[in-house]
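If you're matching them up, the sequences are chains D and U in order.
Using this note's numbering, you'd call the opening residue of the first sequence number 1156 and step up by one each time.
Using this note's numbering, you'd call the opening residue of the second sequence number 1156 and step up by one each time.
Certain hints may be false.
No copy labels: a pair is met if it fits in one copy or bridges any two.
[Stated by the list, open to error] List of simulated lysine-lysine pairs, DSS-like, C-alpha gap at most 30 Å:
#1 LYS1173 to LYS1361
#2 LYS1394 to LYS1235
#3 LYS1337 to LYS1394
#4 LYS1273 to LYS1361
None of these hints come from the bench; they were simulated from the model.
Protein chains: 2
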Amino acid sequence: MKKVIFIGAGNLATQLSKTLQEHGYEIVQIYSRSITNAKILGELLSCEYTDNLSQIKDAADLYIFSVKDTALQDCIRHIKPNNGLWVHTAGSIPITVFEPHIKRYGVLYPLQTFSKNKRVDFTNIPFFIEANSGRDLQLLTDIASNISQNVRTISSEQRKYIHLAAVFACNFTNHLYAISEKLLQEQGLPFDILLPLIQETADKVKGMSPVAAQTGPAVRYDENVMHKQLSLLKDERLKDIYQLLSQNIHIFATNSSYEQDKL
Amino acid sequence: MKKVIFIGAGNLATQLSKTLQEHGYEIVQIYSRSITNAKILGELLSCEYTDNLSQIKDAADLYIFSVKDTALQDCIRHIKPNNGLWVHTAGSIPITVFEPHIKRYGVLYPLQTFSKNKRVDFTNIPFFIEANSGRDLQLLTDIASNISQNVRTISSEQRKYIHLAAVFACNFTNHLYAISEKLLQEQGLPFDILLPLIQETADKVKGMSPVAAQTGPAVRYDENVMHKQLSLLKDERLKDIYQLLSQNIHIFATNSSYEQDKL
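Taking the hints into account, I'd like the entire structure generated from these sequences.
What follows is the structure, encoded as structure tokens:
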């Protein structure tokens, strides 16, 4: 299980292919529908590349599909079936997407946000594995365990919820950072004054439940501060976000027995 | 400017008083309306403590008010005016709260989330300073600069927006962590699988704008994934939060020229 082909040349494919190569795997080919992207990653890895699905080699052990969810099924259908193990890396797509096209298939889902140009240390990244046979489940577990200390077998159903939780904890969180950047920019203040606070907020939940770590006017139900802050927001959508999240913080707090901290 | 009295014994007062003491300031007295809390912090600092505002000594150089916003005005009114410099530590209260009760007053606002039992390194915490005289502004700047490398003078108006931005970047962010914990718990999965993702999300914005760092289905406008994820959420309020934040991510993305990363 040493020869690997990547279908996709995006952020995840870039980071994962480089890491696998560093761990002794031979990346034999990169496919991307954009020949520019295929070439960039192919040259980075010193391997062949193509933008033509019919030219994907059939001699690899592992085919890693890391393309947009909407493109995955189409990519699968246009590659000739072979004896390799085909896996995808998507959070919300069931393992059955490979049926009945190919005999050996699975999922290799790393729970992380990837950038093309920011190297990620895979050691602590959780990998969630699925396969349609015990033998391939073991093969995938071995591969993932070579690059990460945190490998688990889960169902497609559970994976959907992990992806959903990740959207809240990563994508939506990042958007809150973007909103706060905008609010500061409008006052001529730089975003970086928030970085120690952002780091401490992330640090705190390493040692306690987020419900116990909750601080701020909403959890204290300090209506005076909340009304004043709402009046500072001119954008109706931001007002709605402020109100909805504040109400939900209050609901979580009253349903829990944790004692909260204070901002 | 060495003798300090704290009015309040909460998380911020606890962390700030310990840090000032370690930097050579003499904490002479702690007030809390709860004698239990006054005693805990007083004994920690080996100083006097009281739950009676009329017993607050008048010989200190600096009086730091770190109480709930709603209690601040009342506390100020019930302490006999003296020659010390009185400051509060609140984000959303104007400096004028001290008028006309006392001659020398200001604000010492550290931008951080504090817990009683988690020590905070003040070195990088931004301090936002205000005072009603140039001399006291300099005094406060000197004190803050003894414990932090990041001290700025700002207006009460700007401070309100900093506090608002902090509510988004800290309080609301932490609540998103709480939502993701709940979603995982319902599937029998532990929250700690999200910790590497949470850390990377915080790390990314140290090097790029959050708008450029945005990943996930909403910024790709992947309606297929978004509809599937919405159908997983049973709670109507969570559905509303999901939709509002997704729409706003899309608006921010279309209004910006950044190229986004992918989750």
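These are the hints, each one checked on the structure:
no.: 1; hint: LYS1173 to LYS1361; verdict: both (29 Å within a copy, 24 Å between copies)
no.: 2; hint: LYS1394 to LYS1235; verdict: neither (52 Å within a copy, 41 Å between copies)
no.: 3; hint: LYS1337 to LYS1394; verdict: both (14 Å within a copy, 25 Å between copies)
no.: 4; hint: LYS1273 to LYS1361; verdict: both (23 Å within a copy, 12 Å between copies)
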